[in-house]
Amino acid sequence: MEKGLAMTSPRLEAYLDLERSMLALDELSDPLADKLRDAMDPIWYALTDEERAMLSRRELQPPALRGTSVAKVLRAEGGLLPGLPSLTTLVEPRTTSGTSFRADLRAA
Amino acid sequence: MPQGAVRLTEVAYTPSVLFRSMSPDTDGLPRLGRSRRNLGVVVPGDIEPDASGEVAGGRGGLSVSPCSMSKLPPHRQPRGMRPSSTGRRGDCVYSLDLEALTGSLLSVRPDPENPWIHALIEPSKTMTLHDYESALSGTRSEWKRAWP
Chain H
4 MEKGLAMTSP
14 RLEAYLDLER
24 SMLALDELSD
34 PLADKLRDAM
44 DPIWYALTDE
54 ERAMLSRREL
64 QPPALRGTSV
74 AKVLRAEGGL
84 LPGLPSLTTL
94 VEPRTTSGTS
104 FRADLRAA
Chain D
713 MPQGAVRLTE
723 VAYTPSVLFR
733 SMSPDTDGLP
743 RLGRSRRNLG
753 VVVPGDIEPD
763 ASGEVAGGRG
773 GLSVSPCSMS
783 KLPPHRQPRG
793 MRPSSTGRRG
803 DCVYSLDLEA
813 LTGSLLSVRP
823 DPENPWIHAL
833 IEPSKTMTLH
843 DYESALSGTR
853 SEWKRAWP
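Taken in order, these protein sequences are the chains called H and D.
For the record, in the first sequence the residue sitting at position 74 is 77 according to our numbering, with numbers rising by one throughout.
For the record, in the second sequence the residue sitting at position 69 is 781 according to our numbering, with numbers rising by one throughout.
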C-alpha cells in the first residue's frame, strides 16, 4: 500500500497512473495528454464516493513537474509508463477537511 | 410532454445549472468542436448514431456536472481552480442555466449511476446527428464563464 493513501483499489491505481502520465504529457504540451484525460473520465465515474472524495481533497505536490524538466525525469526513469514512480508518491491527501466533499454531495 | 418543456428523465433532483470545463475561443465563449474540451460531442464515444445516422435520448450526449463546479472531475477542473485540479491550464469552467434548454431539441438526463455528480445533455427526441450538434452549438452564447 502506498504511503499517504489509506486504501487503494485497481481502479484508483489506474486513475492515479493515468493522471501522472497525463500531467507529464501536459507539461510537454503533448496532445496525447487529452487522450489520457478522456480515458480518465469513465474511471472517475466508476470510483467509489470515498475514492472520489479522497482524490478531491488532495493537494498536489508534483516535484517532478515543478522544478525539474519532465523530459529529464522521463529519461531518467527510462520511459513514460513502466519506470515512473507511482503518482501516489507525488501526492498527499489533505486530512483537515475530510468530510467537506461528501457534505457537498449530500447538500446538492 | 408540453411543447417547449425541458424533459428530465429519471429525475432524482432538478439541477438548475450545469457545469462543463471547456477551452475558450477568441470571443471568450466555449470553442465548438468534437472534443471533450470543447462544446461538442465525440462521435462515436459520447453518443452513438444508429445505422441511419440518427441519435436519440438515453444513448449519451454532452457530459456535464450538475449544480456545482466542484463536482467536475479533478482532471476536468482547470489547474489552479482547486488544489486537486489537474485539468488543462487555460481552460475555463462554464455554466449553463437549465432554462436555456427550454424549447430546444435538447434535454438533460442525470447519469443513472452517478446522478448527483454527472448528467448528459441529450437529444430530446430522435433526430439526425447534424441536428443534435446544431442544437448543442446553438447553446454556445448561453454558457457563462464560472471560473476563472
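The hints are simulated quantities; they were obtained by calculation from the structure and are not laboratory data.
It should be emphasised that the depicted structure is a prediction, and the values quoted were computed from it without experimental measurement.
For glycine and all other residues, C-beta sits at the position ideal for the given N, C-alpha and C.
The reader is advised that the hints may include incorrect statements.
Claimed, not checked - Okay, the calculated bits of chain H under chain D, using three or more residues with CB under 8 Å as the criterion:
#1 17-30
#2 40-48
Claimed, not checked - Here are the computed distance ranges between Cβ atoms for each label pair:
#3 H/52 with D/809: 36 to 44 Å
#4 D/816 with H/34: 14 to 22 Å
#5 H/31 with D/824: 33 to 41 Å
#6 H/31 with D/837: 25 to 33 Å
#7 D/815 with H/13: 40 to 48 Å
#8 D/814 with H/53: 32 to 40 Å
Said to hold, decoys possible - Think about it this way: if two alpha-carbon atoms lie no more than 20 Å apart in a straight line, the pair counts; the simulated DMTMM-like pairs of lysine to aspartate or glutamate are:
#9 H/38 with D/758
#10 D/856 with D/739
#11 H/38 with D/739
#12 D/856 with D/760
Just pull the numbers of the violated hints for me, sorted ascending.
Those not satisfied are hints 3, 4, 6, 11 and 12.
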